[in-house]
Amino acid sequence: MTQMFSVIGTAAASSAASTAVPLAYPADSWDQMFNIWLGLAVVIYLIVALPMLYFLYRFRYQEGVNETASTKEYESHGLEVLWTIVPLIVVIYLAVQSLTLYSEMRNPPPESLVVKTTGMMWSWQFDYPSGKTTYSELTVPVGKPIKLELTSRDVIHALHIPAAKTMEDAVPGRVTHLWFQFNETGEFTSFCREYCGTLHSKMQAKIKVVSQEAFDEWINAN
Amino acid sequence: MQETVANPWFRASFREWIFTTDHKKIAILYGMTSLLFFSVAGLMGMAIRLELNQPGVQYLDPDLYNYLLTGHGAVMLLWWAIAFWGAFSNFLIPIMIGARDVAFPRLNQLSYWFFFSASILVLITLIPSQQIKMMWTGYPPFVLHDTAGPTGLYVLIVILIAGSTLGTGVNFITTVLRFRAKGITLGKTNLIIHGLISSIVVQLVGVPAFVGAVVMLFLDKYIGTGFFDANTGGDPVLYQHLFWFYSHPAVYVMILPAFGVFSEVLSTMSKRPIFGRTSMIYAIWAIALLGFLVWAHHMFTSGMPQWLRIFMSFTTVLIAVPTGIKVFNWVGTLYGGAIRLNTAMLFTLGGIFMFLIGGLTGIPLALPAFDINVHDSAFIVGHFHYVLGMAMTLGAFSGVYFWYPKITGRMYPERWGKISFWLILVGANLLYFAMMMVGIEGMPRRYVDYPEIDYWVTLNQISSVGAVFLAVGVGVTFYAWFKGLSGPEAGRNPWGSPSLEWTVSSPPPPQNFDSFPVEVADDWSPYKYH
Numbered sequence: 001m002t003q004m005f006s007v008i009g010t011a012a013a014s015s016a017a018s019t020a021v022p023l024a025y026p027a028d029s030w031d032q033m034f035n036i037w038l039g040l041a042v043v044i045y046l047i048v049a050l051p052m053l054y055f056l057y058r059f060r061y062q063e064g065v066n067e068t069a070s071t072k073e074y075e076s077h078g079l080e081v082l083w084t085i086v087p088l089i090v091v092i093y094l095a096v097q098s099l100t101l102y103s104e105m106r107n108p109p110p111e112s113l114v115v116k117t118t119g120m121m122w123s124w125q126f127d128y129p130s131g132k133t134t135y136s137e138l139t140v141p142v143g144k145p146i147k148l149e150l151t152s153r154d155v156i157h158a159l160h161i162p163a164a165k166t167m168e169d170a171v172p173g174r175v176t177h178l179w180f181q182f183n184e185t186g187e188f189t190s191f192c193r194e195y196c197g198t199l200h201s202k203m204q205a206k207i208k209v210v211s212q213e214a215f216d217e218w219i220n221a222n
Numbered sequence: 001m002q003e004t005v006a007n008p009w010f011r012a013s014f015r016e017w018i019f020t021t022d023h024k025k026i027a028i029l030y031g032m033t034s035l036l037f038f039s040v041a042g043l044m045g046m047a048i049r050l051e052l053n054q055p056g057v058q059y060l061d062p063d064l065y066n067y068l069l070t071g072h073g074a075v076m077l078l079w080w081a082i083a084f085w086g087a088f089s090n091f092l093i094p095i096m097i098g099a100r101d102v103a104f105p106r107l108n109q110l111s112y113w114f115f116f117s118a119s120i121l122v123l124i125t126l127i128p129s130q131q132i133k134m135m136w137t138g139y140p141p142f143v144l145h146d147t148a149g150p151t152g153l154y155v156l157i158v159i160l161i162a163g164s165t166l167g168t169g170v171n172f173i174t175t176v177l178r179f180r181a182k183g184i185t186l187g188k189t190n191l192i193i194h195g196l197i198s199s200i201v202v203q204l205v206g207v208p209a210f211v212g213a214v215v216m217l218f219l220d221k222y223i224g225t226g227f228f229d230a231n232t233g234g235d236p237v238l239y240q241h242l243f244w245f246y247s248h249p250a251v252y253v254m255i256l257p258a259f260g261v262f263s264e265v266l267s268t269m270s271k272r273p274i275f276g277r278t279s280m281i282y283a284i285w286a287i288a289l290l291g292f293l294v295w296a297h298h299m300f301t302s303g304m305p306q307w308l309r310i311f312m313s314f315t316t317v318l319i320a321v322p323t324g325i326k327v328f329n330w331v332g333t334l335y336g337g338a339i340r341l342n343t344a345m346l347f348t349l350g351g352i353f354m355f356l357i358g359g360l361t362g363i364p365l366a367l368p369a370f371d372i373n374v375h376d377s378a379f380i381v382g383h384f385h386y387v388l389g390m391a392m393t394l395g396a397f398s399g400v401y402f403w404y405p406k407i408t409g410r411m412y413p414e415r416w417g418k419i420s421f422w423l424i425l426v427g428a429n430l431l432y433f434a435m436m437m438v439g440i441e442g443m444p445r446r447y448v449d450y451p452e453i454d455y456w457v458t459l460n461q462i463s464s465v466g467a468v469f470l471a472v473g474v475g476v477t478f479y480a481w482f483k484g485l486s487g488p489e490a491g492r493n494p495w496g497s498p499s500l501e502w503t504v505s506s507p508p509p510p511q512n513f514d515s516f517p518v519e520v521a522d523d524w525s526p527y528k529y530h
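Sequences listed follow chains A and B, in order.
Note that my numbering has the first sequence beginning at 1, numbered continuously upward.
Note that my numbering has the second sequence beginning at 1, numbered continuously upward.
In short, the hints are calculated from the structure, not lab data.
The model shown is predicted, which means the values in this text are computed figures rather than measured ones.
There's no promise every hint is true.
[Said to hold, decoys possible] Pairs of lysine-lysine residues, derived as DSSO-like cross-links and limited to a Cα-Cα distance of at most 30 Å, are as follows: (1) 72/A / 188/B; (2) 116/A / 72/A; (3) 188/B / 116/A; (4) 208/A / 144/A; (5) 483/B / 72/A.
[Said to hold, decoys possible] Anything over 10 Å on all C-beta distances counts as not near chain A; from chain B, calculated: (6) 31; (7) 205; (8) 486.
For every residue, glycine included, the Cβ atom is placed at its ideal position computed from N, Cα and C.
Hey, can you work out the whole structure from these sequences and the hints?
Okay, structure coming up:
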């Protein structure tokens, strides 16, 4: 069990070796967004926290030394404009960066294998184009983009694939979608991410990633 | 009702507490009710942490766990993060603007008793057959399902709360617009008044959408209409739009008053006027206004059209700008001060640091490319506990410590206050930082059980240890407030603040001011320390 999830824990390490093919798409785009944000967040944190801690020390109340505050006016329009404009540029940059990454993460490649996915309390049904149906187990070929077309039979569910770092809600009366592609074979787990009652935490589906030949054989069996 | 205000609040008889229209007594009623429910919801949170301490289902049946989650969320938000500011509004606003009471004292009384009635109904959910298990968000179609619990009770509670909110809303907006003493312009009033009033305006505008949404839930479940039921042509996503149209701005209802406390305490304890005061006021109102244009970031994975996701992503990140202005101005306020690190100040500084982390972890949630992997994960839960849980609570505690001498006439024990602060700060950071990390690692929220993955277990156990520190810290603060009642006399103005509430005796007399109308000098400012 632990082995199966180890990949989620090494997100930072896997993205550091960006030349290698990632375990799954679109996890690489998410890692990129995560790293950009984390870098900026740490810098902004220090820009606020360091001066604040310094002022708390430098201007602390001390008997006989610093008993009354300075009476000078310290208004500075220049500073105020600076800390309005710079954050504005930073967040617009982040939103634009997100926009470009998100369109890759959202829009499935045209050659994707489409699997109709239906959520119900508390399992998942997968319908393949060939007419084959499985429950709570999704078998997919390695190296091929998969598009899940999601809907629900009862309440709202959501399918999250930790290894591919993507998710979407399954809403009754609507068809939503997500896509992913595994580049290595193995067994992975997906979790339901929208609260759906008593057994919400048990609503998992196994994702079996197999070679194209094994997949063809499996889909044509029976 | 002259007789009901004849005594200062702490000497009032039981009958006076029931029939009072005095804003200070009503403030105490709000505060006490709120603290009681805060404690109950806190214990629910502890039970949740106990269950999550190890994988598997050990102590709580999943349905009971779901009830506790629902209760913890709904009560913490409605009875603590929103209602506790009702105590602040009631106690401070009339005194700070030089008024004898609010504009409509009787309506104020009615608002409290609506709130009290809702409180009784919430207690009914403790009965096993009446447990609401739909989460505080109450998403259909799950709510229409039998296992969700009594939807009607939930709807009735929301309606009573809304009645209270709307009454308070018109009352305090009128009070601030019409009852200010001569010379106290809107630009000169304390920043906490802008914080409280902006949050009240947001409630007045947003709550009707929320009430509309839950009434439609009620009709769907009991009358058989089909607003949210896909089987009869409805759309469950419609509910989410209506719900978040208020419930996103509601987070500013909870945090803007805390910003007000931060400003008051920071300025008073460093003896420096607020840096960039005008831009602070604009920032508060910009946040309140922008708050209404961003709700769909709660729905990035709900199946909305792509253009709406992009649009709401851009509006959401813009909120970082006025919030950033406030944080930088707080840092600027410290410059050149004579800073006293007493309990009230420590809680404010802690609140700002918690808000900083909460804000920086909030930015990526505005980015669909990031949200797509952490939506409905423990990361979100950690993030909003930094902002709404801790920044709000530390702000509220700071406010109580700061105005404690004014409210009770006594001084709280500094030593216990400081011990409490450090316990809360360490505990909360262990608890919520570990929670965000386990969310990044993929752990979903609202799970009673989780697979046995080593670092999920470790991070959950760190969270649970933090929760114990946090709970003990809160307990120590309650002890400090209790012990302070027999503390030394505080006097009129222990902090040396020129703000109006410090010019009256402690606790304030029934009519607030000895002479009326209140007059202030031409160059008066609540932050003029020299």
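Taking the hints in turn, this is what the structure says about them:
no. : hint          : verdict
1   : 72/A / 188/B  : 19 Å, holds
2   : 116/A / 72/A  : 69 Å, violated
3   : 188/B / 116/A : 61 Å, violated
4   : 208/A / 144/A : 13 Å, holds
5   : 483/B / 72/A  : 40 Å, violated
6   : 31            : 30 Å, holds
7   : 205           : 25 Å, holds
8   : 486           : 27 Å, holds
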